[in-house]
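K.L.:
Model the full structure from these sequences, guided by the hints.
Residue numbers (our numbering), protein chains in the order written: chain A, 39 to 155; chain B, 5 to 673.
What the hints contain is simulated information worked out from the structure, not anything from laboratory work.
Don't take each hint at face value.
Below, simulated SDA-like cross-link-like pairs (lysine to any residue); rule was C-alpha separation at most 20 Å, straight line [unchecked claim]: (1) B:Lys327 with B:Tyr177; (2) B:Lys573 with A:Arg88; (3) B:Lys573 with B:Gly615; (4) B:Lys338 with B:Phe352; (5) B:Lys120 with B:Phe110; (6) B:Lys392 with B:Pro45; (7) B:Lys573 with A:Tyr148; (8) B:Lys573 with A:Val153; (9) B:Lys338 with B:Ser304; (10) B:Lys120 with B:Gly454; (11) B:Lys482 with B:Ile494; (12) B:Lys338 with B:Gly312; (13) B:Lys482 with B:Glu326; (14) B:Lys338 with B:Pro172; (15) B:Lys327 with B:Leu488; (16) B:Lys573 with A:Gly107; (17) B:Lys573 with A:Leu98; (18) B:Lys573 with A:Val119; (19) B:Lys39 with B:Leu219; (20) B:Lys338 with B:Leu488; (21) B:Lys338 with B:Glu326; (22) B:Lys573 with B:Ile601; (23) B:Lys451 with B:Asp134; (24) B:Lys120 with B:Glu291; (25) B:Lys120 with B:Arg288; (26) B:Lys573 with A:Thr126; (27) B:Lys573 with A:His118; (28) B:Lys120 with B:Lys392; (29) B:Lys573 with A:Pro120; (30) B:Lys573 with A:Arg77.
If you want the ones that stay clear, here's a sample from chain A, every Cβ over 10 Å from chain B, calculated [as the list claims (entries may be wrong)]: (31) Thr40; (32) Lys44; (33) Cys63; (34) Pro68; (35) Asp71; (36) Val84; (37) Ser86; (38) Val89; (39) Gln90; (40) Ser110.
Cβ atoms here follow ideal geometry from the backbone N, Cα and C, with glycine treated the same way.
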Amino acid sequence: MTPLAKLRKRREEQEPEVDDWTEMCRGTMPVADVEWRSRARVAGRVRSLRVQPWAGVPTLEGTLVDDTGGISVVFLGRRHVPGIRPGTQMVVEGMVGDHAGRLAILNPDYRLLAVHE
Amino acid sequence: MQTATPRQPERVAPPKPIPLAPFVDLPESGRYRFKNRLLGPPLHTDQLVHERLGKPTALAVFASDNLSSVAYGTEEIIRQLVPYIGLAAFTLVMPITIALLVVLGFLILSYRQTIKAYPSAGGAYIVTRDNFGLLPAQVAGVALLTDYVLTVAVSVAAGTAALTSAVPGLTSYAVPISVAFIIIIAFGNLRGVKESGRIFAVPTYFFIGTMVALLIIGFGRMFLGHLPVQSIHKAGMLTLKPGHHGGDGFLMGATVFMVLRAFASGGAAVTGVEAISNGVPAFRRPEWKNARSTLVVMGSTLGAMFFGLSWLDAHLHVNAYEKGTPTVISQIGKLVFGTSPVGHVLYFALQAGTMLILVLAANTSFADFPRLASFHAGDNFMPRQLTKRGHRLVFSNGILALSAAAIFLVIITRAEVSRLIPLYAIGVFTSFTLSQAGMARHHIRIKEPGWRGGLFVNATGAVLSGVVDIIIAITKFKPPGAILGAWVIIALVPVMVYGLTRLNKQYESEASELEGDAKAAAEAPILRRHVVLVLVDRLDRSTARAMQYGRTLTPDELRAVHVAYDADKAEQLAQEWRRLGLSRFPLELVDCPDRRITRGVLEVVAEALDGQTEVTVLVPRREYTRFWHRLLHDRTADSIARAVSQLPHANVTFVPYHLGTNIHSEAHV
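P.N.:
Written out as structure tokens, the structure reads:
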């Protein structure tokens, strides 16, 4: 087997992560199609995350984006959700409301894509 | 406070007067300290005085460029003739010299007109600009600027040749010596050598004295028949063309070209006439009258010296050396002064005088080039930096530019005058032509009393210098065996003029955009919201200071932004932020998968901009006390600032933190 072919094979072996993600994305909709006051299930990447200090109201607020747009994801009463960091890929599901004038899902169900270190 | 009591409450301390200057206990920058040590303390703007010069000193100040030309004028004529027509060269030296003197005479007559018409500053640039407009003025100016560079290079090279002729051991060091001369002159000018007469008077009159001695003794011995005739050929000299040893003066078509080329090369000898017209305001009252008579004296002195030297050369048959040293003037000096001890002393005096006046001639360009460049820049045709007076009230940037260009020329021509001469004089004659034509137009426009006479003089001057210019351009376009020639200048001037016009367009459009409707812009309604973003890399003192500062701005929204180029680091920062929560405002972590921090910040800022919001980005920046400390860190802060400033209504403020000092240690609680 040539070195190049070896490399190709190894890359194929590493592919399953993507498959995991495709699996997770089944049944989600693009953010652009999300409607206010209806349930939605969207998949995307955490573009930004807002950390509140002690003095503020405990809230963890992030922006989840896919290729079509972004939506706020708000965890009320929490300062920290383990595993949610900038760049995390996740699927959220919940009722779409609003937060600070933007579409938002408050306290959604969420699934994180495992990151292999 | 109780306002009811009529008496003022007693103060604890009596009021103090306002201190003269607020006390800033910060070290000056290293660059400034270096400048101070090198050039002396900065001069006060009020110290910019224009010394008024009497006629004898003025002659010394302005004539060096012009008079020094005799040091190489005759030699360059010989150099062009000997290889082609042999001994006949020495019969042609005088006619060519006389033709050049006629040109000189007309130039002086023409410049007498210019001085009277433009007593404030009558450089070719100003005259052309006034009469033909800005674009022709650029041509005149650029031509003159290139020639100032060449004046420095030629004069310094010739001065070095004078030195190496007297001390042949130094011949192989000609280039370093020339470069050193340029650096010394530049240094002196950066320090601000005032055009004070004494520095100039001594070498100029010393040179004139030694030349007079040379000519008197030379002619004396010539008429008494004591003067030996130089053996025609020595090793290293230009070879004579065989078959013409008779020197019958028979000229053919090709030879006419050679004669014209010799004439063109000799044209270098009449350069520098314009110096006085540039500096009329420096004369004592009545300026223009004094300037005029000084001009005539200068021209006559040059003419007499040039004429005498050419005559001696024609008689002595002194040939030029291929490498330029020993110079013709040095050979003549040796022959005329003889080998007696007194002769030796006189010979060395002549060489020293020649060298000094040549160096001074270079110095004249150092006064003129920066000033002309500042005129260009003042009209928005050159970088603005050239209008700024530096540390010692001189146009430092112009001086540096001139030195760099001259050093470059000297190095590529290996400090050989004959390689530089083909480039020389074409620029000066171009500017002569334009300024004389400008004067002719001036006479037609103004029709002052006696304008017909003036028109005749200037028109003749313009035509004559135009013809000389064309002769120079054609005959020296590319001298055989040389790469450099007049073509360089002919190609360079249009390119530079085009470049300067482009520059001007840029400046004009900038100015019109900035100035247009400034009042309306100042009175336009301001944006309603103000968002302040503090860039945070880690939670440290410099960040804390930036956050404190951000709070004093009392914006509508204040948040810290961290671009998470490293997920673990971001997580750590977030934990610390939650734990400490010092400033009661949120931290936003922004995903940055490609680690382009600048791009990440840009996106955050762009998101906050909605047409109703001014966004201020506070960038904590560490300030270093030593320059090498700065090398230990990259310049991310600066590149972020540059990128963000491109967005409309996005503003960047640096919040400095001075490392190594305790200025910020007493932070407010």
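K.L.:
Look at each hint and say if it fits the structure.
P.N.:
How the hints compare with the structure:
Distance check on the hinted pair: Lys327 (chain B) and Tyr177 (chain B) sit about 13 Å apart at the alpha-carbon level, within 20 Å; holds. A hinted pair counts as satisfied when its Cα atoms are at most 20 Å apart, and Lys573 (chain B) with Arg88 (chain A) qualifies at roughly 15 Å. A C-alpha spacing of about 34 Å is found between Lys573 (chain B) and Gly615 (chain B), which places the hinted pair above 20 Å, so the restraint is violated. Of the pairs offered as hints, the one joining Lys338 (chain B) and Phe352 (chain B) holds, with about 9 Å between alpha carbons and a cut-off of 20 Å not exceeded.
Pair hint Lys120 (chain B) plus Phe110 (chain B) holds up; C-alpha atoms about 16 Å apart against a cutoff of 20 Å. In summary, the hint linking Lys392 (chain B) to Pro45 (chain B) is supported, as the alpha carbons are separated by about 17 Å, within the 20 Å threshold. Between Lys573 (chain B) and Tyr148 (chain A) the CA atoms are separated by roughly 24 Å; this puts the pair beyond 20 Å, and the hint is violated. About 17 Å separates the Cα atoms of Lys573 (chain B) and Val153 (chain A), which keeps this hinted pair within 20 Å; it holds.
Straight-line distance between C-alpha atoms of Lys338 (chain B) and Ser304 (chain B) comes to about 26 Å, which puts the hinted pair past the 20 Å bound. Proposed proximity of Lys120 (chain B) and Gly454 (chain B) is supported: the alpha carbons are some 12 Å apart, at most 20 Å. Simply put, Lys482 (chain B) and Ile494 (chain B) have alpha-carbon atoms about 11 Å apart, close enough for the 20 Å limit, and the pair holds. Straight-line distance between C-alpha atoms of Lys338 (chain B) and Gly312 (chain B) comes to about 16 Å, which keeps the hinted pair within the 20 Å bound.
Among the hinted pairs, Lys482 (chain B) with Glu326 (chain B) is consistent with the structure: their alpha-carbon atoms are about 18 Å apart, no more than 20 Å. Restraint check for Lys338 (chain B) and Pro172 (chain B): satisfied, since their Cα atoms lie roughly 14 Å apart, inside the 20 Å limit. The suggested pairing of Lys327 (chain B) with Leu488 (chain B) holds, with an alpha-carbon distance near 16 Å, which does not exceed 20 Å. For the hint linking Lys573 (chain B) to Gly107 (chain A), the alpha-carbon distance of about 27 Å lies beyond 20 Å, and the restraint is violated.
Proposed proximity of Lys573 (chain B) and Leu98 (chain A) is supported: the alpha carbons are some 18 Å apart, at most 20 Å. Restraint check for Lys573 (chain B) and Val119 (chain A): satisfied, since their Cα atoms lie roughly 17 Å apart, inside the 20 Å limit. For the proposed pair Lys39 (chain B) and Leu219 (chain B), the alpha carbon gap of about 46 Å is over 20 Å, so the pair is violated. Between the alpha carbons of Lys338 (chain B) and Leu488 (chain B) the distance comes to roughly 32 Å, so the proposed pair goes past 20 Å and is violated.
Note on Lys338 (chain B) and Glu326 (chain B): the hinted pairing holds, with a Cα-Cα distance of about 19 Å set against a maximum of 20 Å. At most 20 Å may separate the alpha-carbon atoms for a hinted pair to count; Lys573 (chain B) and Ile601 (chain B) meet this at roughly 14 Å. Annotation: proposed proximity of Lys451 (chain B) to Asp134 (chain B) holds, straight-line Cα distance about 15 Å (limit 20 Å). Between the alpha carbons of Lys120 (chain B) and Glu291 (chain B) the distance comes to roughly 9 Å, so the proposed pair stays at or under 20 Å and holds.
A hinted pair counts as satisfied when its Cα atoms are at most 20 Å apart, and Lys120 (chain B) with Arg288 (chain B) qualifies at roughly 15 Å. With a CA separation close to 15 Å, the supplied pair Lys573 (chain B) and Thr126 (chain A) stays within the 20 Å bound. Pair hint Lys573 (chain B) plus His118 (chain A) holds up; C-alpha atoms about 16 Å apart against a cutoff of 20 Å. Taking the CA atoms of Lys120 (chain B) and Lys392 (chain B), the gap is about 29 Å. The hint is violated against a cut of 20 Å.
Between Lys573 (chain B) and Pro120 (chain A), the direct Cα distance comes to roughly 15 Å. Compliance with the 20 Å bound is thereby established for this hinted pair. The straight-line distance between the Cα atoms of Lys573 (chain B) and Arg77 (chain A) is roughly 35 Å, outside the 20 Å bound, and the hint therefore fails. Against chain B, the non-interface label of Thr40 (chain A) holds: every CB pair exceeds 10 Å, the least being about 31 Å. Look at Lys44 (chain A): its CB is around 28 Å from the nearest CB on chain B, clear of 10 Å, so calling it non-interface holds up.
For Cys63 (chain A), the non-interface assignment is confirmed: its Cβ lies about 18 Å from the closest Cβ of chain B, beyond the 10 Å cut-off. With a least beta-carbon separation of about 19 Å from chain B, Pro68 (chain A) lies farther than 10 Å from that chain, consistent with its non-interface assignment. Listed as outside the interface, Asp71 (chain A) is consistent with that label: its C-beta sits roughly 22 Å from the nearest C-beta of chain B, beyond the 10 Å cut-off. The claim that Val84 (chain A) is not at the interface with chain B is violated, since a C-beta of that chain comes within 10 Å of its own (minimum 6 Å).
Against the 10 Å criterion, Ser86 (chain A) falls within the reach of chain B, whose nearest CB is about 5 Å from its own CB. Residue placement check: Val89 (chain A) does not keep its beta carbon more than 10 Å from all beta carbons of chain B (closest about 4 Å). The Cβ of Gln90 (chain A) does not lie farther than 10 Å from every Cβ of chain B; its closest approach is about 5 Å, which violates its non-interface assignment. Its beta-carbon lying about 12 Å from the closest one in chain B, Ser110 (chain A) satisfies the requirement of being farther than 10 Å from that chain.
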